[in-house]
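Top to bottom, those sequences are chains W and A. Quick note, in our numbering, the first sequence goes up one by one and the last residue is 114. Quick note, in our numbering, the second sequence goes up one by one and the last residue is 1110.
Hints in this document: simulated from the structure, not taken from any laboratory. Only a predicted model underlies this, so the values are computations on that prediction, with no experimental measurement involved. Don't take each hint at face value.
Here are the computed distance ranges between Cβ atoms for each label pair [stated by the list, open to error]:
#, chain 1, residue 1, chain 2, residue 2, range
1, W, G40, A, S1028, 19 to 29 Å
2, W, A81, A, P1082, 43 to 53 Å
3, W, D38, A, A1041, 16 to 26 Å
4, A, Q1014, W, D54, 44 to 54 Å
5, A, N1003, W, S73, 26 to 36 Å
6, A, A1041, W, T86, 17 to 27 Å
7, W, G3, A, T1051, 45 to 55 Å
8, A, P1026, W, G40, 32 to 42 Å
9, W, D59, A, K1069, 34 to 44 Å
10, A, Q1014, W, G3, 26 to 36 Å
11, W, R44, A, N1067, 19 to 29 Å
12, W, S67, A, P1110, 42 to 52 Å
13, A, G1079, W, N18, 42 to 52 Å
Derived contacts from chain W toward chain A, CB cut-off under 7 Å, selection only [stated by the list, open to error]:
#, residue
14, T5
15, P39
16, Q41
17, G42
18, L43
19, L45
20, G96
21, G102
22, F105
23, T112
Glycine is no exception: its CB is placed at the ideal position from the N, C-alpha and C atoms.
Here are the chains, one letter per residue:
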Amino acid sequence: DGGITQSPKYLFRKEGQNVTLSCEQNLNHDAMYWYRQDPGQGLRLIYYSQIVNDFQKGDIAEGYSVSREKKESFPLTVTSAQKNPTAFYLCASSFGQGANYGYTFGSGTRLTVV
Amino acid sequence: ILNVEQSPQSLHVQEGDSTNFTCSFPSSNFYALHWYRWETAKSPEALFVMTLNGDEKKKGRISATLNTKEGYSYLYIKGSQPEDSATYLCAFWGAQKLVFGQGTRLTINP
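Generate coordinates for the entire structure from the input sequences, incorporating the hints supplied.
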């Protein structure tokens, strides 16, 4: 079955460490996205990519980095520069990057800084 | 800054009752309004993508309406069932991205 796989489901990080969250899709979707969820807030866009080897900053990109070397993969690195990284992270994809395309989401990664 | 508001934030409904909730969004430069259902421990699932003023969409017992001129959309659930318990997210397409509301958390009491 086609879908998006995020791993790991839970991740613990020590302060000062970089960690990478994995997102893989087999839907042949061109566009991929990373969102962050904090309690009581809507999903906020971190980065998005419309095509391979290209990506744009979202609303809260500071302290994060991404790569898009393959169509299927869009990993997110949470760097030590991210001041408050503890959150729930969702990856999504869509067939195109336009208003009419619904998103398919992964099941998320919960990151906790210890 | 694009602002998408959903109300209420949470809602408890008796099984079998019907319910509705609201998504408010900017009424200018409208392109699309999305609704998603997010059950606990699962991935958000697309319900509707609405693009035209006056649009009405239906999926089983769930339906949605859209008023782009006044900037709101309603989601209706008829005859609520326990499996309808979820957080319902709306998202407004603006500035080349989806902007999400904070969600309405619906709990169906048996």
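Hints and how they fare:
no. : hint                          : verdict
1   : G40/W <-> S1028/A: 19 to 29 Å : holds, 27 Å
2   : A81/W <-> P1082/A: 43 to 53 Å : holds, 44 Å
3   : D38/W <-> A1041/A: 16 to 26 Å : holds, 18 Å
4   : Q1014/A <-> D54/W: 44 to 54 Å : holds, 50 Å
5   : N1003/A <-> S73/W: 26 to 36 Å : holds, 33 Å
6   : A1041/A <-> T86/W: 17 to 27 Å : holds, 19 Å
7   : G3/W <-> T1051/A: 45 to 55 Å  : violated, 25 Å
8   : P1026/A <-> G40/W: 32 to 42 Å : violated, 21 Å
9   : D59/W <-> K1069/A: 34 to 44 Å : violated, 27 Å
10  : Q1014/A <-> G3/W: 26 to 36 Å  : holds, 34 Å
11  : R44/W <-> N1067/A: 19 to 29 Å : holds, 26 Å
12  : S67/W <-> P1110/A: 42 to 52 Å : holds, 47 Å
13  : G1079/A <-> N18/W: 42 to 52 Å : holds, 50 Å
14  : T5                            : violated, 10 Å
15  : P39                           : violated, 10 Å
16  : Q41                           : holds, 6 Å
17  : G42                           : holds, 4 Å
18  : L43                           : holds, 4 Å
19  : L45                           : holds, 6 Å
20  : G96                           : violated, 12 Å
21  : G102                          : holds, 4 Å
22  : F105                          : holds, 4 Å
23  : T112                          : violated, 17 Å
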